[in-house]
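S.K.: Following the hints, position chain B against chain A.
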Amino acid sequence: DTGVSQDPRHKITKRGQNVTFRCDPISEHNRLYWYRQTLGQGPEFLTYFQNEAQLEKSRLLSDRFSAERPKGSFSTLEIQRTEQGDSAMYLCASSLGRRNQETQYFGPGTRLLVL
Amino acid sequence: AQSVAQPEDQVNVAEGNPLTVKCTYSVSGNPYLFWYVQYPNRGLQFLLKYITGDNLVKGSYGFEAEFNKSQTSFHLKKPSALVSDSALYFCAVRDMIEAGTALIFGKGTTLSVSS
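Top line first, the protein sequences correspond to chains A and B. Taking our numbering, the leading residue of the first sequence gets 1, the next gets one more, and so forth. Taking our numbering, the leading residue of the second sequence gets 1001, the next gets one more, and so forth.
Chain A with its partners taken away, still in its complex shape (with noise of 0.2 Å):
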């Protein structure tokens, strides 16, 4: 079964640094999208990309956060400078198909602890 992936599952970073995670999607699914969980909180939508294109920024996606999908297929989540607030879990998930009822599938997940 190749669901999504997330790597790390876990990164424990000290205030101002950089982390970057990565999500490889469903083989063959043409949706992308980012997500961001805190404690008590149902995920929060970031990003979303269709193939390489990204098409949808949250206002939640400050200067700090940028995402790629180069080839369209992976994608990689960065954060600069960061900030304990950004002590989240960040979900990664994809979808295939152009209109917004089909099923987006979850990776397990990165959380993150700024320190």
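Just so you know, the hints here were simulated from the structure itself, not pulled from any lab data. Heads up, the beta-carbon is just placed ideally off N, CA and C, and yes, glycines get one too. Treat the hints with caution; some may be incorrect.
Claimed, not checked - A few chain B residues facing chain A, derived, Cβ under 8 Å:
no.: 1; residue: G1029
no.: 2; residue: Y1032
no.: 3; residue: R1042
no.: 4; residue: F1046
no.: 5; residue: L1047
no.: 6; residue: F1090
no.: 7; residue: T1101
no.: 8; residue: G1108
M.R.: Below, chain B alone, put in the same frame as chain A:
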């Protein structure tokens, strides 16, 4: 604006009893509705979705949900709860018409099934 409310932070039920996890939504158009389950330190697993058609939707692990347009609700149900159903459950919505692909999640409801 789209929103989802899960009015109960926690639902407690005895094994073998029926369970209901409540969800209400607000969208400007017609909704696509989803239920996901999250186990500790894991990503979200898809349970079921409502797109159109029959108001009663059947999903994984014996779960079902009923779409009620007049009450703008999409409650998750199961006739007989199992201890292994204990987890965090999220309801999510997308608007069919409003632009954007993001899922809007509720805050989640913790289901605790006692033996």
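S.K.: Under the constraints set out in the numbered hints, which ones does this structure not fulfil?
M.R.: Hints 1 and 5 are the ones this structure does not satisfy, whereas the remaining hints hold.
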